Amino acid sequence: MTQGLNEIIHAPNRLRICAYLSTLEQAEFGVLRDMLGVADSVASKQLKVLEEAGYVTLSKPKGLGRVKTWAALTTDGSRAYTEHVAALKALIEG
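With numbering that gives the first Met the number 0, the residue at position 85 of the sequence shown is 84, and numbering never jumps.
Please keep in mind that the hints were generated in silico from the structure rather than gathered at the bench. One thing to keep in mind: the hints can contain errors.
As the list claims (entries may be wrong) - Think about it this way: if two alpha-carbon atoms lie no more than 27 Å apart in a straight line, the pair counts; the simulated BS3-like pairs of lysine-lysine are:
(1) Lys-47 with Lys-59
(2) Lys-61 with Lys-44
(3) Lys-47 with Lys-61
(4) Lys-67 with Lys-44
(5) Lys-59 with Lys-44
(6) Lys-47 with Lys-67
Unchecked claim - Per label pair, the in silico range of CB-to-CB distance:
(7) Lys-67 with Val-41: 12 to 22 Å
(8) Ala-89 with Gly-29: 34 to 44 Å
(9) Arg-65 with Leu-23: 15 to 25 Å
(10) Gly-64 with Lys-44: 21 to 31 Å
If you're wondering where the values come from, they're calculated on a predicted model, not measured in any experiment. Beta carbons are placed, not taken as given, at the ideal position from N, Cα and C, and that holds for glycine.
Using the sequences and the hints given, assemble the complete structure.
So this is what it looks like as structure tokens:
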């Protein structure tokens, strides 16, 4: 892959997750799944890859009602996403 491109983030669904999370403090799993337009299992797998890379943290805060999973971009994830976008822009600009 071209220098600076991140193979973990480059996959379309993971790129969309990172782009979405880069604008928020955190997002609920169902919102991410619906934004991607995929099944729970697909969204879960993509988030797991990002979590294992240290790019996303997943949490399940306890409270009233149903426990929901929340995702947030880590500092490393934010940096990797920013570098990936810069590499894409450089590639486009030639």
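**OP:** If any of the earlier hints don't hold here, list their numbers in rising order.
**Re:** Every hint satisfied by this model.
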